[in-house]
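**Student:** Sequence:
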Amino acid sequence: MKKNKWWISLIILQVLVLFGIAGSYYGVDYFGKEIQLKTKPVDPTDVFSGDYVSLNYEISDAPDSLWKGEPIKEPTPVYVVLAPENGKYHIEKLTNRSPDVSGSQVYLKAKATPSMVGMLHLEYGLERFYVEENTGKKFEEPGQEYSVAVKVAPWGKGVIQKIQPEK
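Count along the sequence shown from 1, add 5, and you get the number used in the working numbering.
One thing to keep in mind: the hints can contain errors.
Unchecked claim - Heads up, simulated DSS-like pairs for lysine-lysine below, C-alpha to C-alpha not over 30 Å straight-line:
(1) 45 x 73
(2) 156 x 143
(3) 156 x 98
(4) 156 x 38
(5) 43 x 167
(6) 116 x 38
(7) 162 x 143
(8) 10 x 38
(9) 98 x 114
(10) 38 x 167
(11) 156 x 93
(12) 73 x 162
Claimed, not checked - Here are the computed distance ranges between Cβ atoms for each label pair:
(13) 11 x 39: 37 to 47 Å
(14) 34 x 128: 19 to 29 Å
(15) 12 x 140: 28 to 38 Å
(16) 25 x 122: 36 to 46 Å
These are calculated hints, taken from the structure and not from any lab test. In this text, all values refer to a predicted model and were calculated from it rather than measured experimentally. Positions of the beta carbon are idealized from the N, C-alpha and C atoms, including for glycine.
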């Protein structure tokens, strides 16, 4: 009888974890704040995943002077505080702790790696946006910039909502 209770508890725990993962994405939609980011997309194709747009945001690179901790030498989790300027969000500061934000500020979790001298490259997990098959080519127009609508949850998770050409 004890073995059965143990197995049932294990199965219930696994189901709860799966619901928690799914719920976190729905939570971003429900609790998140929509922000606009500027990007220049590239259209690669993956045989297994289909068409997707690879996104390089203005907020993907930041001067290391915005980082107040020890110098970053290897991939490091950071929190990126963003604030609006002319309708688009820009980096205000980088920190190693979950920041307090106010007003129109939001923060995203990212992974920072050193790139060029004095610069950090930031990856948010928002660098790929999957599109319908054979529609990715429209994102390859040279020099065309796009605006990406991202919902950002209060806990720093972002989800891409849509991509549209800059006007």
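**Student:** Holds or violated: the 28 to 38 Å window for the beta-carbon distance between residue 12 and residue 140?
**Tutor:** violated, 46 Å
**Student:** Next pair to validate is residue 10 with residue 38; report whether the Cα-Cα distance is within 30 Å.
**Tutor:** violated, 42 Å
**Student:** Against the 30 Å threshold, does the CA-CA distance of residue 116 and residue 38 hold or violate the hint?
**Tutor:** holds, 21 Å
**Student:** Keeping to a limit of 30 Å between CA atoms, is the pair of residue 38 and residue 167 held or broken?
**Tutor:** holds, 14 Å
**Student:** Starting from residue 73, check that the Cα of residue 162 is at most 30 Å away, please.
**Tutor:** OK: residue 73 and residue 162 at ~22 Å, within 30 Å.
**Student:** Between residue 45 and residue 73, does the CA-CA distance stay at or below 30 Å?
**Tutor:** Holds, at roughly 29 Å.
**Student:** Quick one: are residue 25 and residue 122 within 36 to 46 Å, going by C-beta?
**Tutor:** Holds, at about 42 Å.
**Student:** For the pair supplied as a hint, residue 162 and residue 143, is the alpha-carbon distance within the 30 Å limit?
**Tutor:** At roughly 28 Å apart (the allowed maximum being 30 Å), residue 143 and residue 162 satisfy the hint.
**Student:** Is the gap between the beta carbons of residue 34 and residue 128 within 19 to 29 Å?
**Tutor:** Check passed, 22 Å falls within 19 to 29 Å.
**Student:** Within a Cα-Cα threshold of 30 Å, do residue 156 and residue 93 meet the stated pairing?
**Tutor:** holds, 13 Å
**Student:** For a C-alpha distance cap of 30 Å, please report whether residue 98 and residue 114 respect it.
**Tutor:** holds, 12 Å
**Student:** Decide if the proposed pair is consistent with the structure: residue 156 and residue 98, CA atoms, cutoff 30 Å inclusive.
**Tutor:** Answer holds: residue 156 to residue 98 is near 19 Å, not above 30 Å.
When each numbered hint is compared with the structure, violations occur for hints 8, 15.
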